[in-house]
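Given these sequences and hints, build the entire structure.
Protein chains: 4
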Amino acid sequence: MDEVAFRFFQEKHFEEAALVVGLPGIGSVALLAADQLISELKAEKLADVYSVHLPARVFVDNDGIAGLINNELYCYEQEGSAILILTGASQAQSQEGQWIMVQRIIEEVKKMGVNFIITMGGYAVSRLVDNPRVLGAATTKSLIKKYEKYDVLFGHGEPGGGIVGASGLFLGLGKLEGIEGICLMGETSGYMPDPVAAKKVLQVISKALELNINYSELDEKAKQIELIEEQLKESVQKSESDEALRYIG
Amino acid sequence: MDEVAFRFFQEKHFEEAALVVGLPGIGSVALLAADQLISELKAEKLADVYSVHLPARVFVDNDGIAGLINNELYCYEQEGSAILILTGASQAQSQEGQWIMVQRIIEEVKKMGVNFIITMGGYAVSRLVDNPRVLGAATTKSLIKKYEKYDVLFGHGEPGGGIVGASGLFLGLGKLEGIEGICLMGETSGYMPDPVAAKKVLQVISKALELNINYSELDEKAKQIELIEEQLKESVQKSESDEALRYIG
Amino acid sequence: MDEVAFRFFQEKHFEEAALVVGLPGIGSVALLAADQLISELKAEKLADVYSVHLPARVFVDNDGIAGLINNELYCYEQEGSAILILTGASQAQSQEGQWIMVQRIIEEVKKMGVNFIITMGGYAVSRLVDNPRVLGAATTKSLIKKYEKYDVLFGHGEPGGGIVGASGLFLGLGKLEGIEGICLMGETSGYMPDPVAAKKVLQVISKALELNINYSELDEKAKQIELIEEQLKESVQKSESDEALRYIG
Amino acid sequence: MDEVAFRFFQEKHFEEAALVVGLPGIGSVALLAADQLISELKAEKLADVYSVHLPARVFVDNDGIAGLINNELYCYEQEGSAILILTGASQAQSQEGQWIMVQRIIEEVKKMGVNFIITMGGYAVSRLVDNPRVLGAATTKSLIKKYEKYDVLFGHGEPGGGIVGASGLFLGLGKLEGIEGICLMGETSGYMPDPVAAKKVLQVISKALELNINYSELDEKAKQIELIEEQLKESVQKSESDEALRYIG
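Residue numbers (my numbering), protein chains in the order written: chain A, 1 to 249; chain B, 1 to 249; chain C, 1 to 249; chain D, 1 to 249.
Among the hints, a few may not be true.
The list treats identical chains as interchangeable, and a pair is accepted whether it falls inside one copy or across any two copies.
[Claimed, not checked] Restricting the straight-line Cα-Cα distance to at most 16 angstroms, the calculated cross-link-like pairs of lysine to aspartate or glutamate (EDC-like) are:
id, residue 1, residue 2
1, Lys-42, Glu-217
2, Lys-175, Asp-48
3, Lys-141, Asp-61
Simulated from the structure, these hints should not be mistaken for lab results. The model shown is predicted, which means the values in this text are computed figures rather than measured ones.
Structure follows, in structure tokens:
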């Protein structure tokens with residue numbers, strides 16, 4: 001096995017294709033969005049990506065079947081062009097590993113015709129967010145102009161520290177390879193998986209790529225998360241009032 | 001020396017062979033089981049495995065003789081087929097090292113005819129266990145079906161976090177190479193070396209591979225561990241009652 | 001992409017050239033000095049340097065444009081000879097990465113004619129410094145003799161622990177390649193970016209390389225930092241006197 | 001520069017040669033002994049060894065001259081055979097680096113005729129030691145037999161954890177290359193550089209290799225360390241009696 005190894009299930013080449021990257025990260029925003037996108041588009045699996053830079057771990061499913069941690073490349077074709085979706089259980093563990101994995105994946109998808117990259121992510125604000133904004137960063141001004149129409153906010157010091165990990169490197173290394181890219185970050189508390197932020201990000205993508213996405217699954221997940229948050233709040237309030245009683249008693 | 005280097009003492013090729021992996025880990029379950037298996041089967045040493053991914057350390061035996069930390073490959077032949085046993089003083093130290101060592105070892109044993117891998121391990125439950133279960137994870141459904149007959153439990157969310165390290169990677173990377181595999185994990189507190197869990201795991205393997213194993217050595221070790229545990233309990237109780245006296249006095 | 005990759009915007013070769021290295025470090029002394037030097041000399045960008053040893057991160061500017069973290073090589077030509085300036089947003093993250101990046105950069109600039117290296121840095125003394133000294137270390141005695149004329153202090157146990165990171169390695173690895181080098185370290189508290197120390201270092205360089213530098217930008221930054229320091233002092237004094245009041249009240 | 005790079009000042013080949021390894025470690029025992037050996041034998045420098053696995057740092061001497069951290073190989077010739085001495089300011093920083101550096105150095109010295117390796121070290125006992133023992137570990141029984149005559153103690157569970165770092169790997173990797181080796185460890189508190197332990201180790205080596213060593217330098221250093229220790233003791237006692245006074249007063 002090479003440092004980064006691809007297992008292709010089918011060989012595909014497109015005149016042009018967009019790569020949408022949804023790997024684990026803040027609030028699982030990107031992962032939730034990628035899952036929804038794959039299931040909504042009924043995208044087919046093109047390849048598994050293995051790497052020594054992923055954790056040395058196998059997953060075990062509910063039947064007891066074990067499988068290596070990997071990244072997965074899915075594909076949705078539409079008249080000549082295509083949308084590839086990269087997702088997976090982990091990003092590379094080290095900074096060097098990040099560079100190497102992203103670079104190798106760009107190399108492969110470029111051969112398949114990818115000429116545009118969208119990376120997704122969460123933008124942690126460390127407080128509950130009612131109506132999450134979508135922040136963006138892009139490699140060209142024309143992309144910024146286009147996505148501002150979809151209510152994506154650019155610049156003004158956000159995100160302050162830049163974009164770390166795969167979401168950032170796919171833009172930066174793609175740029176070096178002549179591939180335009182944009183990163184869409186859904187605002188999120190960062191405390192919990194955030195299907196609301198994921199939906200907001202997907203809404204931008206579906207407008208930009210002219211997709212027809214149903215969000216009922218994400219809405220359902222959002223309700224579950226809301227329920228958990230309310231239970232947490234109640235238990236916190238209860239323990240605080242118990243605390244108060246103790247002070248009084 | 002290569003990143004992973006093999007020193008073969010004899011060249012062997014089999015029509016089919018099983019590799020049993022017993023490296024250091026939780027409760028030393030796998031290591032204890034591998035030791036017992038090697039001594040019971042009077043397995044012969046086939047090879048030493050050295051790697052820059054093992055700790056930079058030599059062991060010194062009771063006579064003062066120094067030797068490099070390594071992994072060791074043993075072999076027990078039975079009419080055309082064979083059981084190889086991999087054991088050693090350490091797993092690779094880094095995640096990347098784990099991937100690279102496991103991958104190279106699979107490459108070598110595949111050449112020798114290995115077409116089935118059993119990895120052993122401990123499953124830490126952080127409480128004392130009277131009658132340890134054996135949990136399993138496998139790469140095929142037919143393996144699960146077969147090992148359920150030997151009272152191995154599969155799935156239902158255990159192990160939750162998957163299987164880390166060599167025990168997991170041998171399954172996952174073996175699968176990529178077309179080698180079926182199963183991991184057998186003996187339930188253990190994780191506080192101490194656990195010969196009881198090791199015996200339970202070995203009992204499954206001896207049924208599956210039709211081996212005749214005597215467990216008196218492991219039973220003996222189990223008694224010693226039990227003795228140590230009782231002494232620990234007594235000293236804890238004594239110090240607690242001393243503590244109580246101090247409060248009273 | 002190689003482990004260290006160069007993107008040249010123009011190809012240049014000089015009969016002789018000096019490389020001035022100003023990368024992030026203590027008190028941002030080197031970075032501030034390099035920025036000033038580049039803007040004062042109106043140096044042109046020669047190349048971008050990318051590496052897997054830099055953080056896996058992109059920067060986002062105020063317009064929302066994303067770009068990879070890199071090092072940058074600038075050039076100021078003057079009659080046959082030249083001054084190259086290396087700066088950037090980060091040094092390599094690991095010790096091995098430092099060795100590898102510095103070595104590759106030396107290799108490239110040597111081909112362009114560099115036969116002398118000046119590295120800049122801060123020398124942290126962990127107290128406020130009114131009139132910072134410039135300490136030096138060099139690879140030859142004649143360099144020490146020359147720079148002592150510009151009030152650079154050498155030896156006598158300073159810097160005690162040697163010079164870590166790129167500032168040190170450019171000297172040491174340059175020496176192996178037959179390139180003379182000197183490191184100029186501006187004394188600084190180390191608490192804050194220090195434009196005063198940066199100016200002191202630049203003053204030495206402008207004397208040695210016969211440059212005509214205007215320091216008004218650094219002076220302006222120094223005033224801003226001074227202002228911040230005074231506000232900090234006041235707020236500390238205020239909180240101390242509040243504290244005193246509380247003890248009294 | 002390669003991962004490990006050699007700069008030879010002279011080319012040498014011997015019918016047989018011993019390599020004595022004295023790198024930084026516990027109580028600086030090995031380093032002190034190597035320094036003394038080099039100066040007593042007036043050994044000549046054969047080579048500098050540089051590596052990306054050493055710290056990214058240059059040293060600065062009292063004159064302000066900077067030089068890369070390295071390892072150094074010295075040579076003392078005596079009628080056909082020779083003693084090589086390896087010393088330096090640092091061992092490799094990572095475990096992998098240790099394996100790679102030791103392996104490359106063995107490769108080089110083997111070509112020069114080295115057929116025997118002595119590594120030196122400190123054996124930390126975490127208490128003051130009046131008359132330090134010398135413990136040993138070797139790769140052959142005949143070496144143990146020989147060195148027991150020089151009052152070196154072998155086995156019986158010491159050193160318990162084996163030998164870490166270069167002192168261990170030179171034995172272990174040398175063994176793989178057919179080179180016999182012994183490690184001599186001077187017992188030391190581990191709190192301070194220990195010239196007494198260094199002398200004890202050197203006395204064994206001078207007997208074994210039939211060298212005539214004068215220990216006055218080490219004796220002098222031992223007196224200085226003793227003085228420092230006494231001052232420390234006094235200041236501790238003084239602060240304790242001050243403390244007592246405070247309780248009384």
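Here is how each hint holds up against the structure:
Taking the closest pair of Cα atoms, Lys-42 and Glu-217 come within 16 angstroms of each other only inside a single copy of the chain (14 angstroms); across copies the shortest separation is 56 angstroms, beyond that limit. Taking identical chains as interchangeable, the C-alpha atoms of Lys-175 and Asp-48 lie at most 16 angstroms apart only when they sit on different chains, with a minimum of 13 angstroms there against 24 angstroms within one chain. Proximity of Lys-141 and Asp-61 under a CA criterion of 16 angstroms is satisfied inter-copy only: 12 angstroms between copies versus 45 angstroms inside one chain copy.
Hint compliance for this structure: every hint is met.
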